[in-house]
Every structure is written in structure tokens, then in C-alpha cells.
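Student: Sequence:
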Amino acid sequence: RDSKLTRLLQDSIGGNSKTLMIVTISPADQHVAESLNALRYANKARNIKNKAVVNRDSHAERHEAREKFKERFKAVEKERDALLEEAGALRKAAGQDKSKVVAEANARILEREKIERLEEEVERKDA
Numbered sequence: 004r005d006s007k008l009t010r011l012l013q014d015s016i017g018g019n020s021k022t023l024m025i026v027t028i029s030p031a032d033q034h035v036a037e038s039l040n041a042l043r044y045a046n047k048a049r050n051i052k053n054k055a056v057v058n059r060d061s062h063a064e065r066h067e068a069r070e071k072f073k074e075r076f077k078a079v080e081k082e083r084d085a086l087l088e089e090a091g092a093l094r095k096a097a098g099q100d101k102s103k104v105v106a107e108a109n110a111r112i113l114e115r116e117k118i119e120r121l122e123e124e125v126e127r128k129d130a
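Residues in the sequence shown are numbered consecutively from 4, following the working numbering.
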């Protein structure tokens, strides 16, 4: 319906909200036509069905998760670098002791598994 009332209520009637409409009518004979029009308008507005949706910015949430992942990834990389430096120092001190090399390899494997778990977590959050 093309009326001023429709224009005023267009965000409420067709938007993402619940609307309550109270219609007042007159029992006087001279206002029967106006009362009927008001009741018809209210009935049409009542029949409009909207599905309210929570306004969320999923892009911002994904961006935030991605930034957290990057920070965690940098921390893991720093930890890895420190472990590699320590392993290098131990190798020099032990003259390339075989058990030290194995321990370093195991540390790298654990580090890679951590990184893979973090990547999977970010992918789940993005999905």
C-alpha cells in the first residue's frame, strides 16, 4: 500500500525486527469507512512474515581468528628457532652425538604437528 504510514513503518514492517501495531477505530457511523481501512491495513501488515536474523559480521570474526592464528604461528616459529639454536649448540658441544640429532628431529616433528593442528583449527573456524 502506498501511504505515508507504510513509508514510516517500512523498516519495521519489512525489516529485521518485531513490530506491534495498535489500531484504534471509532464506533461512530460517520467513521466506518476509515475504521475499516485501518483494520484492513493492520490485517495486511499482520500477514507479513519476517525471519529475524542476528546481525553478525562473520568477515570480522574470521579476520580476528586469522590474526590470532598468525600471532600463534609466529610464537611457534620463535620457539622453533630457539630450539634449533639450542640443538645446534648441543651438537657442537657433543660432537654430533647421535642421540642429540634424534632428539632434534623429534622436536621438529612435534613442532610440525603443532602447526598442522593450528592450521586445522583456523580452517574449522573459517568454515
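Keep in mind that the hints are not guaranteed to be accurate.
[Said to hold, decoys possible] Derived pair list, reagent style DSSO-like, types lysine-lysine, alpha-carbon separation capped at 30 Å:
#: 1; residue 1: 52; residue 2: 7
#: 2; residue 1: 71; residue 2: 95
#: 3; residue 1: 71; residue 2: 117
#: 4; residue 1: 77; residue 2: 128
#: 5; residue 1: 73; residue 2: 128
#: 6; residue 1: 117; residue 2: 128
#: 7; residue 1: 7; residue 2: 21
#: 8; residue 1: 7; residue 2: 71
#: 9; residue 1: 95; residue 2: 81
#: 10; residue 1: 95; residue 2: 77
#: 11; residue 1: 117; residue 2: 81
#: 12; residue 1: 21; residue 2: 77
#: 13; residue 1: 128; residue 2: 81
#: 14; residue 1: 81; residue 2: 71
#: 15; residue 1: 71; residue 2: 128
#: 16; residue 1: 47; residue 2: 73
#: 17; residue 1: 73; residue 2: 117
#: 18; residue 1: 21; residue 2: 71
These aren't lab readings, by the way, just hints derived from the structure by calculation.
Student: Each of the hints needs a verdict: does it hold here or not?
Tutor: Status of each hint after checking the structure:
1. Between residue 52 and residue 7, the direct Cα distance comes to roughly 21 Å. Compliance with the 30 Å bound is thereby established for this hinted pair.
2. Between residue 71 and residue 95 the alpha-carbon distance is near 36 Å, which puts this suggested pair outside the 30 Å criterion.
3. Of the supplied pair hints, the one linking residue 71 and residue 117 holds, its CA atoms being roughly 15 Å apart against a limit of 30 Å.
4. Of the pairs offered as hints, the one joining residue 77 and residue 128 holds, with about 19 Å between alpha carbons and a cut-off of 30 Å not exceeded.
5. With a CA separation close to 14 Å, the supplied pair residue 73 and residue 128 stays within the 30 Å bound.
6. Among the hinted pairs, residue 117 with residue 128 is consistent with the structure: their alpha-carbon atoms are about 17 Å apart, no more than 30 Å.
7. Simply put, residue 7 and residue 21 have alpha-carbon atoms about 20 Å apart, close enough for the 30 Å limit, and the pair holds.
8. With a C-alpha separation of about 50 Å, the suggested pairing of residue 7 with residue 71 is violated against the 30 Å cut-off.
9. Taken as a hint, the residue 95 and residue 81 pair is honoured in the structure, with Cα atoms around 21 Å apart against an allowance of 30 Å.
10. With a C-alpha separation of about 27 Å, the suggested pairing of residue 95 with residue 77 holds against the 30 Å cut-off.
11. Taking the CA atoms of residue 117 and residue 81, the gap is near 13 Å; set against the 30 Å cutoff, the hint holds.
12. At most 30 Å may separate the alpha-carbon atoms for a hinted pair to count; residue 21 and residue 77 exceed this at roughly 46 Å.
13. With a C-alpha separation of about 24 Å, the suggested pairing of residue 128 with residue 81 holds against the 30 Å cut-off.
14. Between residue 81 and residue 71 the CA atoms are separated by roughly 15 Å; this keeps the pair inside 30 Å, and the hint holds.
15. For the hint pairing residue 71 with residue 128, the CA-to-CA distance comes to about 12 Å; that is within 30 Å, so the pair holds.
16. Our distance criterion of 30 Å between C-alpha atoms is broken by residue 47 and residue 73, whose separation comes to about 53 Å.
17. At most 30 Å may separate the alpha-carbon atoms for a hinted pair to count; residue 73 and residue 117 meet this at roughly 13 Å.
18. The hinted pair formed by residue 21 and residue 71 fails the criterion: a straight-line CA distance of about 37 Å is larger than 30 Å.
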